[in-house]
Amino acid sequence: MATLDSKIPAGPLADKWTNYKNNINLVNPANKRLIDVIVVGTGLAGGSAAATLAELGYNVKAFCFQDSPRRAHSIAAQGGINAAKNYQGDGDSTFRLFYDTVKGGDYRSREANVYRLAEVSANIIDQCVAQGVPFARDYGGLLDNRSFGGVLVSRTFYAKGQTGQQLLLGAYSAMNRQIGRGKIKMYNRHEMMDIVVVDGKARGIIARNLVTGEIERHSAHAVVLGTGGYGNVFFLSTNAMGSNVSAAWKAHKRGAYFANPCFTQIHPTCIPVSGELQAKLTLMSESLRNDGRIWVPKKLEDVEAIRAGKLKPTQIKEEDRDYYLERRYPAFGNLVPRDVASRAAKERCDAGYGVNATGEAVYLDFASAVTRYGKEAAHVRGLNENDNTLVQKLGKEIIANKYGNLFQMYEKIVDENPYETPMMIYPAVHYTMGGLWVDYNLMTTVPGLYAIGEANFSDHGANRLGASALMQGLADGYFVLPYTIGDYLASDIRTGAIPTNTPEFDAAEKEVTERLNFFVNNNGTHSVDYFHRRLGKIMWDKCGMARNTDGLKSAIAEIKALREEFWKDLKVPGSADEYNEELAKAGRVADFLELGELFAKDALERNESCGGHFREESQTAEGEAARDDANYTYVSAWEYTGLPSEANLHKEELVYENIELKTRSYK
Amino acid sequence: MNLKLKIWRQKNANDKGKMVDYPISDVSPDMSFLEMLDVLNNQLIEKGESPVAFDHDCREGICGMCSLYINGEAHGPDRGVTTCQLHMRKFKDGDTIYIEPFRAKAFPIIKDLVVDRGAFDRIQHAGGFVSVNTSGNTQDANSIPIPKADADLAFDAATCIGCGACVATCKNSSAMLYVSAKVSQFALLPQGQVEAKDRVLNMVKQMDAEGFGNCTNTGACEVECPKGISLDNIARMNREFSKAILDGREK
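Protein chains in written order, with my numbering: chain Z, 1 to 667; chain L, 1001 to 1251.
Don't take each hint at face value.
In silico BS3-like pairs for lysine-lysine, Cα to Cα no more than 30 Å straight-line [claimed, not checked]:
1) K1197/L / K568/Z
2) K568/Z / K253/Z
3) K299/Z / K317/Z
4) K1011/L / K510/Z
5) K1016/L / K1105/L
6) K298/Z / K317/Z
7) K1148/L / K183/Z
8) K32/Z / K183/Z
9) K298/Z / K310/Z
10) K571/Z / K1047/L
11) K1090/L / K393/Z
12) K553/Z / K571/Z
13) K1092/L / K312/Z
14) K1148/L / K585/Z
15) K1006/L / K1016/L
16) K1105/L / K183/Z
17) K185/Z / K1205/L
18) K1011/L / K396/Z
19) K585/Z / K1205/L
20) K1105/L / K1148/L
21) K560/Z / K1047/L
22) K16/Z / K651/Z
23) K1105/L / K185/Z
24) K1006/L / K1090/L
25) K1090/L / K1004/L
26) K571/Z / K1011/L
27) K1171/L / K571/Z
28) K310/Z / K1047/L
29) K1004/L / K571/Z
30) K1018/L / K1047/L
31) K585/Z / K185/Z
32) K1148/L / K375/Z
33) K1090/L / K396/Z
34) K310/Z / K1090/L
35) K571/Z / K1016/L
From the structure, some residues in chain Z lie toward chain L, with a derived Cβ separation under 10 Å [stated by the list, open to error]:
36) K16
37) N19
38) A122
39) Q165
40) Q166
The set of hints was computed from the structure by calculation and includes no laboratory data.
By construction, the Cβ of each residue, glycine as well, lies at the ideal position given by its N, Cα and C atoms.
Whole structure, please, built from the sequences with the hints as guidance.
See below:
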């Protein structure tokens, strides 16, 4: 049985990474040419890793299910990327970024990993600028920053509301250079179907060409998964339609432990659900909370009038508004971390103050920011600061410059003009902090199998701070994995190419083919989405923003029953040897139906509230999350033994040597 | 709303393909266009028929995966949006909607409404990058100030999502808007200057090799571009190209 050795280097926190790099094994450039690495997923983590490994000289095979690596869902990240550059001179430092991240994660992440993340963050910005990423700049030509939730400094670099796009296109361009050189062989429209383990080491994958349906064997000396998170287990989330858990789940079934599956981020500012047939939710960036104020009416009669369409939000007087985040958390106000903001919105809506027809929406209002910016602009230009029409016009221009694309997205979806009326928002599933367990080297419990970016669990604890996902993806791919993987591959320089005509590849391919054939031959009555929607509803109702023992137990039973029904009654049209999106979806949802159960089991086991995991049994008198450090200061790493219900729990105790565990307060 | 859909069905690249009629009822105006197609597909699957294949992923207008030529326009009748952001409120009860793939010689059809845009990637492989290795030792990000106006223009060009609407819209199936967006982004930034001449020559060469047509300044691409990429970029690319030629860089 695999052991949980996190392999954290000895020595003082600030020296660990440097010492580690000084003492690892290296692979000489000539030998790198003899080593193959498979990278699955081409988002910020996978894309940056593939490019960097190829630059170093390894032979890389990269896979993505989209039609181009540029379309991985990192592209949709909006707000920004954190880095401890301290360009603003506002007291930022590596330690402060480290501290904020551990605290923001509610003390459930690993100190050494988070410190390393903070340490390499500054380099990411340098690297991206060198690649030609057009970050926002001020009039002096230097990089601009903004602030994100849960911190008291401005350390977030951004490119309007399209930061993820610009960073991913940077990584994509680095990949393109290597594809052009032949150092990366790119497999678009390919889905990883299984990991192949030979003599206890990850030595390849089985992939399916999504255009032809062909099953392919690919071997390598190491396999890297940069396959993202599993938020789509909720069906409705801000993830892309194709985002899935399958690669991570297949790894889990081949021996990789799955850590903290119940740690999910419900993002406070998304466009509310509008209808039963909705397929996807849209995020409104957290950066909007720099300038937007969140409120609901103070009086229930105003809420009634708004829902009935008799009153507009702009008609409600200032004193009749409840800016509940500013009221409850005066120190951080609208910029509290995501988990806190989401629960506060739920609390108001549960109390009956939701402002749309479903009762599940709050306002995000830019009126005061428009006025503030407008007056400033009028002042700078020597114009009349008391001319309200002028002030409004100038203020809206500035807001458009900062958030234009987000406002446009909102208007297209909701059909209301957010420059004139407050946005309506509600929390939605956005990110999963849980993922494959990895050690300090980012290696899973399967030797030679690595997990990077959102696919692993290591850096965000129980709640991720805004603008830290991009930071982690690129840190892992550009600056961490390329070192750590060398230490492992140094012993493989004499191995030679891994053959694919072995019993291990035969067996893995056979399993994959049998499952695909089962799906297309099953004579059921319902489509994949029918089951996926039902799974999502169970997850949202019972494993969502608030969880309790009874709900979680019933979720486990319901998911199990739904899974049985899925295997009996699923209908997949077409055949396995053609372009067949339903078939691809069937495999993904089959895996979600297993993960969902483990998720609920993990949430049940962790009888404390921490970060995004809120157990109703564990809260303070004011309704804040109550952590139980005496009993739960550990990472839950689950070992697959045949069924999700029988998964074995392994615990990695979290040791805090540099930070004192405190009750998280944003008041 | 009740609608009459006329959708291009083509089993694979070798199939001839044809328009097929699908009536659909009870469409909510708040649905997105792709959610409407999801509903149609669910009905087709449960009836045992083959669902309509179409590309999509992020469904928030940024990944560039979705396409569709709707009533003769790339990404449909709305402006500044991709198909996934198009909502049914832009249509009226009783409308007939024609749905076709993005058509161009360089975008072969894979199935139904799904096309192969691999040519776009290959143009990027030819030069859509700055040749900088990942070392952690590049100079500090603020060591070269960049005038805000240039940074903003570079950003505007860089917002291209690579969807191919420009090609599908152009009567010549030209990819000039797409290629010029990348050429411009780098030409406007000091980091991209070093290789600017080789880049434009290599990318244009690959663009021609892929079978895209030429630009005749019609400007339809700019109108249909969901990200509002400006025609100015094409002018800038032509200028960069001329500079490279005059410099004798052409091989």
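Exercise. Check each numbered hint against the structure and report the violated ones by number, ascending.
Key: 1, 7, 14, 18, 19, 20, 27, 28, 36 and 37
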